[in-house]
Structure formats: C-alpha cells, structure tokens
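Chemist: Line order of the protein sequences matches chains F and E.
For this note's numbering, add 11 to where a residue sits in the first sequence, where the first one is 1.
For this note's numbering, add 50 to where a residue sits in the second sequence, where the first one is 1.
Just so you know, these hints were derived from the structure itself, not from any lab.
Predicted model, so just to flag it, every value in this text is computed and none were measured.
Just so you know, not all the hints are guaranteed correct.
Derived coverage of chain E by chain F (criterion: at least 3 residues anywhere in the stretch with Cβ under 8 Å from a Cβ of chain F; other residues may be distant) [said to hold, decoys possible]:
| id | stretch |
| --- | --- |
| 1 | 123-137 |
| 2 | 196-202 |
| 3 | 244-250 |
| 4 | 318-331 |
| 5 | 420-431 |
| 6 | 442-453 |
| 7 | 457-470 |
Okay, derived cross-link-like pairs now, DSS-like style, lysine-lysine, Cα gap no bigger than 27 Å in a straight line [to be verified]:
| id | chain 1 | residue 1 | chain 2 | residue 2 |
| --- | --- | --- | --- | --- |
| 8 | E | LYS60 | F | LYS14 |
| 9 | F | LYS212 | F | LYS14 |
| 10 | F | LYS14 | F | LYS66 |
| 11 | E | LYS53 | F | LYS212 |
| 12 | F | LYS212 | E | LYS303 |
| 13 | E | LYS488 | F | LYS77 |
| 14 | E | LYS60 | F | LYS212 |
| 15 | E | LYS60 | E | LYS303 |
| 16 | F | LYS14 | F | LYS183 |
| 17 | F | LYS66 | F | LYS77 |
| 18 | E | LYS303 | F | LYS73 |
Glycine included, every Cβ here is placed at the ideal spot set by N, Cα and C.
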Amino acid sequence: MEKFDRLESGAAPLSMANVDTDQIIPARFLWRARSDGYGELLFNDLRANDDGVPKPDFVLNKPVYKDARIIVGDRNFGCGSSREHAVWALVDAGIRVVIAPSFGDIFFNNSFKNGFLPIVLSPERCAELRAALERNPGARLIVDLEAQTVTGPVGVNDGGGSDHFDIDPFRKQMLLLGMDDVSFTLNHKDSIAAFEARFAKEFPWI
Amino acid sequence: MTKAQTLFDKIWARHTILERPDGATLLHVARHLVHDGSRASFGALKDRGLEVRHPERTFATPDHYVSTLGNKLTAISEPYRREMVGALADNAREHGIMLFGLGDRRQGIVHVIGPEQGITQPGLLMVCGDSHTATHGALGALAFGIGSSEVSHVLATQALWQSRPGSMRVSVDGTLSIGVTPKDVILAIIARIGAAGGTGHVIEYAGSAFRSMSVEGRLTVCNMSIEAGARAGMVAPDDITYAYLAGRPYAPKGASWDQALAFWSTLPSDPDAAFDKEVTLNAKDIAPMVTWGTSPEDAVPIIGTVPDPDKATDTERRAGMRRALSYMGLTPGQRIDAITVDRVFIGSCTNSRIEDLREAARVAQGRKTSVPAIVVPGSGLVKAQAEAEGLDRIFCEAGFEWREPGCSMCVGMNGDLVAPGERCASTSNRNFMGRQGKGARTHLLSPAMAAAAAVTGRMTDVRRLMAGEA
Chain F
12 MEKFDRLESG AAPLSMANVD TDQIIPARFL WRARSDGYGE LLFNDLRAND
62 DGVPKPDFVL NKPVYKDARI IVGDRNFGCG SSREHAVWAL VDAGIRVVIA
112 PSFGDIFFNN SFKNGFLPIV LSPERCAELR AALERNPGAR LIVDLEAQTV
162 TGPVGVNDGG GSDHFDIDPF RKQMLLLGMD DVSFTLNHKD SIAAFEARFA
212 KEFPWI
Chain E
51 MTKAQTLFDK IWARHTILER PDGATLLHVA RHLVHDGSRA SFGALKDRGL
101 EVRHPERTFA TPDHYVSTLG NKLTAISEPY RREMVGALAD NAREHGIMLF
151 GLGDRRQGIV HVIGPEQGIT QPGLLMVCGD SHTATHGALG ALAFGIGSSE
201 VSHVLATQAL WQSRPGSMRV SVDGTLSIGV TPKDVILAII ARIGAAGGTG
251 HVIEYAGSAF RSMSVEGRLT VCNMSIEAGA RAGMVAPDDI TYAYLAGRPY
301 APKGASWDQA LAFWSTLPSD PDAAFDKEVT LNAKDIAPMV TWGTSPEDAV
351 PIIGTVPDPD KATDTERRAG MRRALSYMGL TPGQRIDAIT VDRVFIGSCT
401 NSRIEDLREA ARVAQGRKTS VPAIVVPGSG LVKAQAEAEG LDRIFCEAGF
451 EWREPGCSMC VGMNGDLVAP GERCASTSNR NFMGRQGKGA RTHLLSPAMA
501 AAAAVTGRMT DVRRLMAGEA
C-alpha cells in the first residue's frame, strides 16, 4: 500500500450531496480484476455520454482539473454499497483525498486500506472551500497528515485558511507507514487464539 | 453497580479481543458470509499465502451474478458472470467452506439464507462483504457490511479492526394502519432522519411497532439501515425471534438451545441504558411510501406530491433536487399516484421473503398486470414454500414472471436490467442513478404497493385498490 504523508495538489469541487458508490463506479464494471485498473471508469456515467464522449461540463473533465488529486465534496460522499471498487477507481484515477462533511461508513473504512485519505470538515467549511475553488479553478490545497491540517487554497487570496481534521490514531499510523492491517493483526495471533478458546467455551453452539 | 448497557454494547464487549489505547478495537467475527463478489478477497488471501482461519464460521452462496432464468451455472450466458459464480464454488471447495450453491434449494440471497438457515443468531457479531449485512440485526445480531480488503482480513484472522460507533435509538410506537408495511416504516424513518442521519451510529429499532412485528418485517427494516447511513441496525431478540429460530438447521438444539436462550435473554438493552441519539415516530402517522428521487431519503406518502425544489431552504439541496427530478423525469407538484410505471420488480434482500410474496400475491390475486413485472424469490426455499402455497400460480395467472432466486434487478449485475429512461416500481433498497441500469428510474416501495403498480400501471395507493376504489 502506498503511504500517505503530505499532498499538495489542485482540488476539484464536486457540489453534490449523496454521491453514491453506484455513481463512483457503476455495478456493471465490478467483475473486472483489480489489476485491470478502474481509473478510466471513475464516475463513468456522470463523466461520459452513452457513446463514451466525455461530458464537457462534468468537473473532472475540465482541463484545469486534469491533475487534481483532491476532491472537495458534499454530505454523505461514498454512500451506498460496500464495493471497494469505488476507492480503487478514485485511487487509479490519481485521487488521494476527498474532503466532505460526512462519508458513507464502508467507503470511509475501505479508503484507509488503499492509501486514500477521507477528511471530514464542517459543512460550512466544505461549502466555502468549494466556492473558493469554483472562483479560482485549479487552486491548490495542502493536506498534511502528520499535522492533521488542510491548508488553502494556496496561491490565491480568496477563501484561504488552515483547518484541523480529526483522524483515528491507528489509521493515521497505518497510512503514514503505508502498512496493511492484515500483517499488523497477525502480530496479535496469540491474543486471537486465546480469545477464540474462551469464546468457544462460552458459546459451544456456534 | 455496572453501567447500563445497550444491546449493541453487550455484543461489542463479548466480541472484543483487544482494545488499543487509541480506541481501535480488534473484534472477533462469529460468523462470516461470502457471496460471488468475493473473488478479489480470496485472491488477495492467496497472494499472501494465507489460509482461511475458520472455514467452519464462513458460509457462502452465489447471488449477485446468478441467472434468475435457471438455477444452474449453464443458465448464465456471459462468461465473466459464470467466472464470478464459479470462483466462489472453487474457493469454497478449496478452503472447506460450506457452500449453498446453484442447484441446492438452500441457495439464495446471502441476507435471506443467513436467517433462514439459522446461521444468523442473537448476540453474534457477523460481517459480509455487502452493505446490506445490517439485515441480520433483525435477530439481535450485530451485523455490518465490509469492503473487499476487510473480507480478506476476516478470512485470514476471523477478526476485524473497528472504532466504536455511536448509538442511536429509533422508536416507533403504536399500531401500523392497514396497508402499511415494514418497508413503509423504514422509508418513513429514512425520510425523517436523512440518508446520512445514522452515519457513524448503530441504530436500535425499539417501540411497540417493532415488538409486534414479525422477524421478516424486522429483516426488511434492518436491511435498509445503511440507507440511513448507519453502520448497523438491530432489534432486541424476544419470543418472536426465538420462535422464528427454533428448529432451523444451524440453530442450537436440545441442551444447547436452553443454554443459548439463557444467553439471548440477557441481550436486550438495559431499561436505563442511554443512547447518543433518539428519534421517535408514531406508527399511525406512517402511510404507504414511494420514493420520487435518487436517494432513499427522497420518500413521500403515496397520497403526496413530488416536492418543489424552490421550496427547499438551502441552495445545495435545491440543486440536488433539481438534478434528481431531471434524472427521474418528474415535475414539482405532480401527484405521486399519477406517475406511470414501465416495469415492476418484486425481490431483493429487502423484500423477497415469503411474507413479502404473500403480501404481493394478495394484491395480484384475481387481477392482471398492465406492465412487465417479475417476482424473484429470495432463496430456493422461499420459492418452494411459495409454490407450496400456490403463490406462483397467482402471480403467473396475473401476468407476473416467476423467477429463480438471486439479487436480480436490484443491482442488475446478473443482467436483469431496467432500460434507459424506463420507470421501475421496485421493492429493492436503492434508487440511485443508474442502480438498476444506466438511465433507469427507480421508485422504491413495498411489495403490496409494487403489486398494485403492476396491476394499474401507475403508482397506486394499495389501500384504495383493495377497497375497490382505484
């Protein structure tokens, strides 16, 4: 897993609430192998017409956001199904951070397994950031995981600031190390075995 | 004296292997369900050279990619879908996991067969790589959906890292009116609290409406907890739960049953337990519900109208509503019962159990469909039971298609799709853009309401239809 520490990048504003995982990656693509890559399929039906031609008004199709690695979204980003493909599609398309007022729970959990950082900021601050990014297309944000801050937009004198975000310390550590939790958990094999022995005695019918 | 605990607290504590000082908790997984979308998870396990730690605690069934036209591998026409279903069978065999496969009457939607087989039990922590895993909470289990990496993690360790969610109690008191079903209850709850209303929380459904509800009704309610953003939903076990479980294949028997019952009876939340959030609804205020938009929170009573974005208070909400109405091809102020439908789907992990099919059949009996409509039972056993009761004949005589079990048109991964621009009255759980097919327009409703829509070709108040008024 790629580690995450600090990222400075252009940020794309996505002013839509309830961006569900069916929009992020439609179900008809889920049978593909992970190694096939999902980047081109990110937001497929929002991004492209039926004939595959990109819709010019979709934010990520605008040339100014071509290299954006951050999305500033709205309430309940990534709600819906458990498909980790939603995170894979974002990561494969080069996105490493989504900032939003709230996230779908499973999407949020899946993010950390893929070196991807979901950041919760207040609805007001997310709205301000989106507005500032819309006024200054291509403006950059700086995400510092160690310091737990989002700074910017930088380089423009409009709507800038530095915001602290919360993150579970365990997840922060895993992201900073680029460490996968399976290896970490296997270090606790003895605790697991001891627990299982107790559990089997308590619940012999399971 | 110990602190008063909720049902959730008790199950969480029972499954805690260890808790780090920073709060991250390693939880034991008592039962793990896998389906035909799990190929990548088994692949990741293999890549690391790891084994399935507890195959006897893992249960498999194919549901997402299976054909509803024939309950066998050869009925699946596309190679990539056959491969997904085949991979599950191969992985189950290789790792010694119990498989309820195609051709076995016990095969079906994973969230239907868990309770049906008695695999789902009160007080257990259960997971599955599917967001509707909250369904199993109806029996007093703590059950939630996980992603592909977490499935690999559970296969390898029978454990999962979690941070402790908040607690929320949704109470519905009183008696539901005639024609109002558990599906209407959960749609009304989501409309009230919003699609992110339960984010970061586990919901306990309480109150007299749930106490008198069947286990199948509770399964429908808990199933859609995720559509309110909640990690899980649960109902405290009671005599209705125990009566449902008794005699099921994986339920405890004999002396074990007594031992289990003694444990189960300790599970309900202590009377003075506190919840982080409380929401209360009156059962008598709930009407048959229909969604008009592209989020399950966009639900209104059948007697209502399509809402007007101009009346929404915030600009983002206004823009969202306009986008939804444009996608759905609806006009503000339009009467819900004037919306015509092109197609009807009765099925999914939300509404494909025998009580759902009986409810729909009561409406279908002696009537004729006016649009294409399919009925997809949740499992081979549900199908067999329905056929024993003659429900299949009622449906077929009314013009419904009677299919084989699977997830089918809820998510369309098996090819059962709604065509672009078509409007589908659906008993499933999500009305997201493109969910039932690219450009498909989904309206969520109960099985009775779906059957009514199939008969009249438009959204219909089933209460009026049954009274001969519609």
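Chemist: Work down the list of hints and note, for each, if the structure agrees.
Modeler: So, going through the hints one by one against the coordinates:
| no. | hint | verdict |
| --- | --- | --- |
| 1 | 123-137 | holds (count 4) |
| 2 | 196-202 | holds (count 6) |
| 3 | 244-250 | holds (count 4) |
| 4 | 318-331 | violated (count 0) |
| 5 | 420-431 | violated (count 0) |
| 6 | 442-453 | violated (count 0) |
| 7 | 457-470 | holds (count 4) |
| 8 | E/LYS60 with F/LYS14 | violated, 36 Å |
| 9 | F/LYS212 with F/LYS14 | violated, 41 Å |
| 10 | F/LYS14 with F/LYS66 | violated, 33 Å |
| 11 | E/LYS53 with F/LYS212 | holds, 26 Å |
| 12 | F/LYS212 with E/LYS303 | holds, 17 Å |
| 13 | E/LYS488 with F/LYS77 | holds, 25 Å |
| 14 | E/LYS60 with F/LYS212 | holds, 18 Å |
| 15 | E/LYS60 with E/LYS303 | holds, 23 Å |
| 16 | F/LYS14 with F/LYS183 | holds, 10 Å |
| 17 | F/LYS66 with F/LYS77 | holds, 14 Å |
| 18 | E/LYS303 with F/LYS73 | violated, 63 Å |
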